Amino acid sequence: TQLLEQSPQFLSIQEGENLTVYCNSSSVFSSLQWYRQEPGEGPVLLVTVVTGGEVKKLKRLTFQFGDARKDSSLHITAAQPGDTGLYLCAGESLDSSASKIIFGSGTRLSIRP
Amino acid sequence: SQTIHQWPATLVQPVGSPLSLECTVEGTSNPNLYWYRQAAGRGLQLLFYSVGIGQISSEVPQNLSASRPQDRQFILSSKKLLLSDSGFYLCAWSIGTDTQYFGPGTRLTVL
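Note that the protein sequences, when read in sequence, are chains W and G. Going by the numbering used here, the residue at position 113 of the first sequence is 113; the numbering climbs one at a time, nothing skipped. Going by the numbering used here, the residue at position 10 of the second sequence is 10; the numbering climbs one at a time, nothing skipped.
Read the hints as simulated data drawn from the structure, not as lab findings. Some clues are possibly wrong.
[As the list claims (entries may be wrong)] Across the chosen pairs, the derived CB separations fall in these ranges:
#1 R60/W with P69/G: 43 to 53 Å
#2 K80/G with R60/W: 23 to 33 Å
#3 P14/G with D67/W: 45 to 55 Å
#4 T10/G with E5/W: 23 to 33 Å
#5 E22/G with E41/W: 10 to 20 Å
[To be verified] Non-contacting residues of chain G with respect to chain W, defined by C-beta distances greater than 12 Å in every case (computed):
#6 I4
#7 Q6
#8 P14
#9 G16
#10 G27
#11 Q45
#12 Q62
#13 S65
#14 R72
#15 I75
#16 K79
#17 S86
#18 T97
#19 V110
A quick note: this is a predicted structure, and the numbers were derived from the prediction, not measured. Backbone N, C-alpha and C fix where the C-beta goes; we use that ideal spot for every residue, glycine too.
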């Protein structure tokens with residue numbers, strides 16, 4: 001069974017602090033996506049990483065794909081209340097024989113003003 | 001540009017009643033389509049996916065079913081709802097195995 005484990009499950013920090021969220025697996029992925037979801041809405045794609053070791057930046061968010069393409073991290077600098085939400089990672093496994101992507105269980109982030 | 005619609009946005013149904021949730025995609029052809037269920041504040045559980053009209057794959061055994069009567073229409077159904085069917089249902093599309101894009105979701109409450 002292919003799993004994507006996200007940590008931490010919950011994180012509550014003060015506005016202005018930095019944080020890192022992790023997404024780990026024993027499987028190799030051809031690509032990995034990060035989504036942010038707000039209550040009552042569908043997940044919104046933030047980024048897709050494809051190459052091992054790739055780093056992408058989206059304003060204060062930095063995404064990294066592990067060299068072995070088994071893990072990824074999301075680092076937020078100077079967190080803002082607007083960053084609050086459920087962060088989901090999802091990977092397209094190289095082992096997959098069907099058209100589906102595996103989702104992690106999510107990290108719920110709360111930024112206190 | 002591509003858009004994905006889901007309706008209804010919210011639904012409250014009694015136990016034992018039927019269910020029909022609809023998802024439509026605009027601006028693309030022959031997409032892969034997916035139905036997910038999400039428990040409160042949790043990750044996504046893939047229920048069904050479809051690579052073409054009339055082609056449905058089920059990921060988990062349950063009292064739900066899916067159909068794809070048209071290329072860009074995906075329907076989630078049940079003949080008799082259970083309390084455990086309550087949740088947030090998300091439809092998504094992709095081109096091949098590329099990134100999935102999600103609809104706004106349907107909040108289903110079974111009483």
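Hints numbered earlier in the text: which of these fail when held up against the supplied structure? 2, 6, 7, 11, 18
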